[in-house]
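Visitor: Respectively, the protein sequence lines represent chains A and B. Residue numbering for the first sequence follows our numbering, starting at 4 and increasing by one per position. Residue numbering for the second sequence follows our numbering, starting at 3 and increasing by one per position.
Rather than coming from a laboratory, the hints here were simulated on the basis of the structure. Computed from a prediction, not measured in an experiment: that's the story for all the values here. Heads up, some of the hints might be wrong.
What the hints assert, rightly or not - Here are the computed distance ranges between Cβ atoms for each label pair:
1) Ala110/B - Ile19/A: 49 to 57 Å
2) Trp264/B - Arg164/A: 26 to 34 Å
3) Ile125/A - Ala190/B: 55 to 63 Å
4) Asp27/A - Met282/B: 40 to 48 Å
5) Leu143/A - Pro30/B: 53 to 61 Å
6) Leu37/A - Ala190/B: 26 to 34 Å
Said to hold, decoys possible - Computed footprint of chain B on chain A; a stretch qualifies when at least three of its residues, placed anywhere within it, have a C-beta under 8 Å from a C-beta of chain B:
7) 78 to 89
8) 104 to 116
9) 156 to 166
Backbone N, C-alpha and C define an ideal beta-carbon position, used for all residues, glycine too.
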Amino acid sequence: MNSLWALTLATLVKDIRLEWRSKDALNSMLFFSLLVVVIFVFSFDPLAEESRHIVGGLVWVAFLFAAVVALNQTWARELRNQVLDAYRVSPAPANALFMAKALGNFLFVSVLEALMTPLFVIFYNLHVLGPAWQLIPLALLGTWALVVNGTFFAAMSLRTRNREIMLPLLLFPVSIPAVLGMVAGTTAVLTGENSAHFYIVLLLTYDVVFTTACLGLFGTILQAE
Amino acid sequence: MKRLFPILSILTAIFLAYALYQALVVAPTDALQGDVYRIIYYHVPSAWTAFLLFFINFIASVEYLVNAKPSSRTAAKWIVIAIGVVGVIATFLPQVQALLPTGMRPSAVATTVLAIPAFYFLVGWLFPGEKLDVLAVTSAEVGVVFCTIVLVTGPIWARPVWGIWWAPGDIRLTSTLVLWLIYVSYLALRRFSSSAQTQMMAAALAVFGALDVPLVYFSIWFFRTQHPQPVIGGGGSMDPRMLHTLLISWMAFLCFAFLVAWSRFRLELLQREVEQAHAMESLAGAGASAKASLPLNRSA
Chain A
4 MNSLWALTLA TLVKDIRLEW RSKDALNSML FFSLLVVVIF VFSFDPLAEE SRHIVGGLVW
64 VAFLFAAVVA LNQTWARELR NQVLDAYRVS PAPANALFMA KALGNFLFVS VLEALMTPLF
124 VIFYNLHVLG PAWQLIPLAL LGTWALVVNG TFFAAMSLRT RNREIMLPLL LFPVSIPAVL
184 GMVAGTTAVL TGENSAHFYI VLLLTYDVVF TTACLGLFGT ILQAE
Chain B
3 MKRLFPILSI LTAIFLAYAL YQALVVAPTD ALQGDVYRII YYHVPSAWTA FLLFFINFIA
63 SVEYLVNAKP SSRTAAKWIV IAIGVVGVIA TFLPQVQALL PTGMRPSAVA TTVLAIPAFY
123 FLVGWLFPGE KLDVLAVTSA EVGVVFCTIV LVTGPIWARP VWGIWWAPGD IRLTSTLVLW
183 LIYVSYLALR RFSSSAQTQM MAAALAVFGA LDVPLVYFSI WFFRTQHPQP VIGGGGSMDP
243 RMLHTLLISW MAFLCFAFLV AWSRFRLELL QREVEQAHAM ESLAGAGASA KASLPLNRSA
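Please take these sequences and the hints and turn them into a complete structure.
Guide: Quick look at the structure:
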């Protein structure tokens, strides 16, 4: 157990250091979601009251697209110099690698969300009418829901032709209940019309179920060769 | 087996024609909806067939995954038996019965739960080894076709009856659509994956899909459904003559699905045999050329 966490931490620190030096994923992700936000601003020009009803959807669509940009780069880095093959033959547990990658992606997407949320607030003149603190568990659970399955499916789509397009094809259908929870929950908090409690529970259930499934099946996917 | 195929095809064609006759002529016209309701004789049997095929795909995928290791294989066997036993006992406890949606009969739930071990052992017995994966592809492909029929015929019926093509947020519509999307992505993965491990990955995706469907159901819990109640095991009621036609229609559709799945299954098996033969041939060829070139290399 101890070695599992040590390995997870080592891989995570390595990924963060690589990202810090190159800033590949973060820069492309940031600029990409900035573009999405700007396009949304041009496409929809709502009143403050209307925007409360639609921004929940817009925010999460932007984050979903940006997350796919980041997730596609997760494993590509390990393919160079056969790092992934080296990992495969090493006695390190596969789940340590998976957890490190998932946590790394979680960190990157969270940073992105923290930077992009103010933009949405500015562009759409948002005032939160419901309990605003509930947005934090919604964001954390929602991001983890996207990232944990995304990391798994990115590993899966590594071995397919045109892998860049394969990831959203695999990820989006399975993510539909999570996206529904995030969007409906965020809208509930923004409008203050009903409670977001149900959606937090839904996202929590989704996270627990799919984290377990990913950890259970990742070994099979990694060793698949 | 080969000779059985044309006979079965003719029988299925006759059966389908009979079901169509029953649906269009014999079944009484609905008092409220008029003749438009007759589409259910295609819609509902397609839905049942599609769900059955997806269920078979899930069972085959799980079995394919656990068969990779002997230890997980034994464990899975006991888990499946436990699901059957505990599930059936639980449906007869009053505490659990209180949780069931109104109108859902405990006996229907128990039968559904029993289907899990029954199918698991039947599928494992009939389709050993690689055939499990062939079964998974076949059932997913045919299932997607039937699910497409469901999604097309549904709106055609809904437009005159509800006044809208699609009810967004409806629990049945959304979960069927998501199921369809998941299985289309499953087929896309199989098509685009080039490695020898496609089978494992596809099986893993099928498990993810199966985990997803209850969550979709749960996520739209808040919305009420506009969809008519299920006829069997649910709270819906129906004229016995209509139910009779519906069941005949389903039987005909099942025969048709079986026929299509069977020919697809054979085709996939043959394709794999051909691929294997090609691989063996090129291996043998490479071995022979390596042997032939060995003395040359040495002399050089």
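Visitor: Holds or violated: the 53 to 61 Å window for the beta-carbon distance between Leu143/A and Pro30/B?
Guide: holds (56 Å)
Visitor: If I claimed the Cβ atoms of Asp27/A and Met282/B lie 40 to 48 Å apart, would that claim hold in this structure?
Guide: For Met282/B against Asp27/A, whose Cβ atoms are near 44 Å apart, the range 40 to 48 Å holds.
Visitor: Kindly confirm whether 26 to 34 Å is satisfied by the beta carbon distance between Trp264/B and Arg164/A.
Guide: For Trp264/B and Arg164/A the Cβ distance comes to about 30 Å; the hint holds.
Visitor: For the hint 49 to 57 Å, verify it against the beta carbon of Ala110/B and that of Ile19/A.
Guide: With Cβ atoms ~53 Å apart, the hint holds.
Visitor: Taking a Cβ-to-Cβ distance below 8 Å as contact, does the stretch 156 to 166 of chain A have at least three residues touching chain B?
Guide: holds (count 6)
Visitor: Starting from the range 55 to 63 Å, see whether the pair Ile125/A and Ala190/B falls in it by beta-carbon distance.
Guide: violated (39 Å)
Visitor: May I ask you to test the hint 26 to 34 Å on the CB atoms belonging to Leu37/A and Ala190/B?
Guide: holds (30 Å)
Visitor: For the stretch 104 to 116 of chain A, do three or more residues have a beta carbon lying closer than 8 Å to a beta carbon of chain B?
Guide: Coverage by chain B is violated here, the residue count being 0 at a Cβ distance below 8 Å.
Visitor: Closer than 8 Å, Cβ to Cβ, for at least three residues: run that test on the stretch 78 to 89 of chain A against chain B and report holds or violated.
Guide: Not satisfied, violated; 0 residues make the cut.
Hint violations for this structure: numbers 3, 7 and 8, all remaining hints satisfied.
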